[in-house]
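Asks: Here is what each chain is made of, one letter per residue.
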Amino acid sequence: MDSRNSINSPTIFNITTKVFWLAAVLIVLAGWIASSTIPAFKEFPEEWIFPLKDYIDRFFEWIVYEVKFFVGTFAEFKPTDITRGFVAVMKFPLEFTESLFFNGFGKILPPLPWITVVALAFLLGYWIAGLRTSLIAGFSFLYLALFGVWKASMETFALVIITVPFVFSLGVILGIWISKSARVERFWTPVFSIMQSMPPFAYFVPIVVLYGVGDAPAMIATAVFAVPPVARSVFLGLKSVPNDVIEAGLMMGVTPRQLLWRVQLPTARNTILVGLNQGIMMTLAMIVLASLIGASGLGSKLLTSLQGLKIGQAIEQGIAIVVIAVALDQLSQAYANKPPVYKDRTLPWIKQHPYLSIAGAILLVTFIIAYFVPEAQVLPRKLTITTRKFWNGSVEWIDDTLYDTVQPFRNFMLLKILIPVRDFCRAIPWPTLVLLVGLLGYRFGGYKIAISGALMILFPAIMGLWTPTMTTVYMVSLSTCICVVSGFLIGLLSAKNKLLGKISIGFCNFFQTFPSFIYLIPVLMLFKVSDLSAILAMLLFAVTPMIRYTILGLNNVSSNIIESSRQMGTTSWQRLLKVELPIALPEIMLGINQVIFYSLFMVAIASLIGTQDLGAVINGARSGNKVGQALIAGFCIAFLGIASDRIIMAWTKLKKDKLGIRE
Amino acid sequence: MSRPVKIACKNVWLLFGKGAKSFLKKHNNQPTSTQILKAGLIGAVRNVSLDVHEGEILMIMGLSGSGKSTLIRCMTRLVESTGGEISFDGKDLLTLPKNQLLELRRHNMGMVFQHFGLLPHRTVLENIAFPLEIQNIDSDTRIAKARELVKVVGLEGRENYFPRELSGGQQQRVGIARSLADEPDIWFLDEPFSALDPLIRREMQDEFLRLQSLLNKTIVFVTHDFDEAVRLGDRIAIMKDGELIQIGTPEELVLNPATEYVEQFVRHAPKAKLITVQRIMQDDTKETVLVDSSAKPLAATDTLEQAATRIINSDKALSVIDNNGEIIGSVSKQNLLSAMFN
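Chains as they are written, first to last, in the numbering used here: chain A, 919 to 1581; chain B, 11 to 352.
No wet-lab data here; the hints were simulated from the structure. No experiment lies behind these values; they were computed from the predicted model shown. Built from N, CA and C at the ideal position, the CB exists for glycine as well. Watch out, some of these pointers could steer you wrong.
[What the hints assert, rightly or not] Straight-line C-alpha distance at most 25 Å; calculated BS3-like pairs for lysine-lysine: (1) 48(B) - 250(B); (2) 1414(A) - 1261(A); (3) 1098(A) - 31(B); (4) 31(B) - 108(B); (5) 250(B) - 281(B); (6) 155(B) - 1261(A); (7) 108(B) - 1098(A); (8) 1571(A) - 1366(A); (9) 1420(A) - 1256(A); (10) 28(B) - 1098(A); (11) 28(B) - 1157(A); (12) 108(B) - 1157(A); (13) 161(B) - 1261(A); (14) 306(B) - 326(B).
[Said to hold, decoys possible] Just so you have them, the derived chain A footprint on chain B, three or more residues with Cβ under 8 Å: (15) 245 to 258; (16) 282 to 291.
Construct the complete structure from the given sequences, taking the supplied hints into account.
Replies: Here's what the structure looks like:
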């Protein structure tokens, strides 16, 4: 299509706004009438349901119990031999870090004393980015020691330290591979978007079936979750290497391998390390979550506390997780921004590597101290601080004093808003929604988006999961609406006020390091188990991207445009409504897109505190190891996300083309 | 020009689009622009033939999108030409196997880039030594060589700086030093000074001329700046829309622009500095009353700028002598004026 045409004419993909609204109204009316006369439209008929779930179960049974290779020879093996073999192999590095951080190496060597770890954290922070980072890292670990969560933290830490290199190297390999050919890229892009929009709980089930439970299966689940962003960063980094640099390399006569390892990868260092930072944060979040499939550490402790509604303990453990997250985030972010420094190779080793030398000295001195002072090895319980009583007290206080305000609010929200919206969503006839999504897709993205969008919405109906899917839609749309409105307002104020902007960006950065699990604690404390708690958790988790993108969009409006509109004598309201918002809108839409993804991610986790949607379906499948059910429900969530993503992205692209903004 | 040919391009084509190679074959390597347009192809380099002579500075001049940068990428095989022939020292470059091309690039070709193309994680010294490092030359040798080059480009004292700590001009000095580390015999410069401020650009041009007087390389230099082309080049090739419009010495271009397009460029060229006396003289060797035979004759290769004062101050025309001191013609005020203001 001629681009100029699409700008001037009112039609987009051949339908005018009028026709679009007319079609939308027609679909709604027809759906309403049809569903009240034809029962198959009201409720998806059971005999139309495609038993994909059973096929998947059958397939996994076949894989686990029946397939054998090289039958009859000495090399006969089953697929599970490979998966269990992997688990067995991963035991070795895991055992090593476990010994290092908390078990000790038999009777020969104790584990790292807490004073060693804390001192090394101070040093590492200082080496990477100076005093501030040093204090953050050091005090974080000091907190873990003093507040009596040392052992659980070290369990988590031991697992993270093995998983990060595993995830990172997979990501680098995949990223390099993708950058090699457009065809490989075309294959992996949709796979990545499914991997990233699938709730982790859904693939926990097949992983448990194939790999069992424990730390090694948790690593696999983490890889599914955290490898895509790392691979994407590596890919983007390699793509962003300036052409001049590559050509300069080629003109020197580098071999393809030298080009990759000595030119492209080092030049892309910063982008790749940003990917490493994301990988680390996602690894931590997942290791915590993977306590559901037997990963040890803070996650499993937190899970037990939450299940027992021991809020005080849960808060302590939650804070410990946040503390680790902040420390790892600060360290890895600072490392990504650390420029290379010149090293004089003629100096003696100690002077060339001052930090390594100090680390060695610290190791030696602290071990000697710990040998003579047992308190320096493991801090005895009586020396640790606990805030449990305080938290439990506050929970009781909230129950006693706030009950009268919280309870009516909770009832009001549930009865007047949540339940009516839920019933409305559930009452939408399935053909209506499928057609509406198709129409929307057609208007913004053409027939491809229309068909794929409609099919993705049809999928839950065919799988017989329409009602739980619509329950998910109800929770996600409610939380999205609230997030969009509140996030937009906060973003707007922050974009207009420098100080407020700094504060909200700081808050966004801080809250984004929280593993998703954590958000369940405060809502549980206030509102107990209910849909309201779930939606509030989703809200807390998903509001950050809205704020961030609103600020970004408004701040990105070019100062030339603002100046010229000031010159025309616009009031600040006119400027906002007629100039800034229309230009910032595409960016803001990207924020909405993120909000939907975040909400969908949280919806599955929120099922832990009792909901009745797809999350609950997955959760139910988890306890019975029903692979098919878990995967299908996971796909339903993923498809909701991908369908809305494709439509929003198509709309954003259309808008950006109109405004002449290209990335 | 009697110097031997270093690189010879013959009917070189670079077409973008599907089936470009077979399209070119079908049209016997001579498609017309309408045929190219019809086939939905884009011609980046069209039927370019030119020779680069040993020891000369050949400027390739054109505006953006004229195919000038693409043409030198065809010569270095950073881009694979769609059709035509390119020979390097008599060898067929386009069919050269990969490993021989690698050797050629490692030992015979050097290239400088517009945006420098330095490796951000390496110091000045490590950047300059990098071409030697990839050939697995030992550390002492390559560091010694790099130090020597740092001196040549005048960056002493900044050996251990990183590119981010240098100005644009300094970064390009590193780029130049690096491209010389292999001691190439042909040197490609792709708009090396375009990203620099005007003052620095001027300084770098002088630096370039100084280096060339030391090194005597064969140079292919791409620029979009006609003044730069005139200032630095022995010959200039003017390109437009992928085609070679005209190639010649600055003087030839100024005196005989082949098309209106070339004329637009040369209109503001410093004619007095480019045109030599021999181009404007009258060929009559007979001494007439109009020639001042008592005055010292002019040399044929003097520029008008050098000769102007004397021509203007003389009442009569002046004789012109060649290298051997023989009179070959005469120049009058009228000759000078018509050359300058035509």
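Asks: The structure should be examined with respect to each hint, and the outcome stated for every one.
Replies: Status of the hints after comparison with the structure:
1. Pair hint residue 48(B) plus residue 250(B) holds up; C-alpha atoms about 20 Å apart against a cutoff of 25 Å.
2. Distance check on the hinted pair: residue 1414(A) and residue 1261(A) sit about 45 Å apart at the alpha-carbon level, beyond 25 Å; violated.
3. At most 25 Å may separate the alpha-carbon atoms for a hinted pair to count; residue 1098(A) and residue 31(B) meet this at roughly 24 Å.
4. For a cut-off of 25 Å, the pair hint linking residue 31(B) to residue 108(B) stands: about 20 Å separates their Cα positions.
5. Proposed proximity of residue 250(B) and residue 281(B) is supported: the alpha carbons are some 23 Å apart, at most 25 Å.
6. A distance of roughly 20 Å separates the Cα atoms of residue 155(B) and residue 1261(A); the hinted pair therefore holds under the 25 Å criterion.
7. With a CA separation close to 19 Å, the supplied pair residue 108(B) and residue 1098(A) stays within the 25 Å bound.
8. A C-alpha spacing of about 15 Å is found between residue 1571(A) and residue 1366(A), which places the hinted pair at or below 25 Å, so the restraint holds.
9. In summary, the hint linking residue 1420(A) to residue 1256(A) is supported, as the alpha carbons are separated by about 23 Å, within the 25 Å threshold.
10. Among the hinted pairs, residue 28(B) with residue 1098(A) is consistent with the structure: their alpha-carbon atoms are about 20 Å apart, no more than 25 Å.
11. The straight-line distance between the Cα atoms of residue 28(B) and residue 1157(A) is roughly 23 Å, inside the 25 Å bound, and the hint therefore holds.
12. Of the supplied pair hints, the one linking residue 108(B) and residue 1157(A) holds, its CA atoms being roughly 24 Å apart against a limit of 25 Å.
13. At most 25 Å may separate the alpha-carbon atoms for a hinted pair to count; residue 161(B) and residue 1261(A) meet this at roughly 21 Å.
14. As the CA atoms of residue 306(B) and residue 326(B) are separated by approximately 12 Å, the hinted pair is consistent with the 25 Å bound.
15. Residue count for the stretch 245 to 258 of chain B with a Cβ under 8 Å from a Cβ of chain A: 0. That is fewer than the three needed, and the coverage hint is violated.
16. Restraint check on the stretch 282 to 291 of chain B versus chain A: 0 residues with Cβ-Cβ distances below 8 Å, three needed, restraint violated.
When held up to the earlier numbered hints, the structure conflicts with 2, 15, 16 and fits the remainder.
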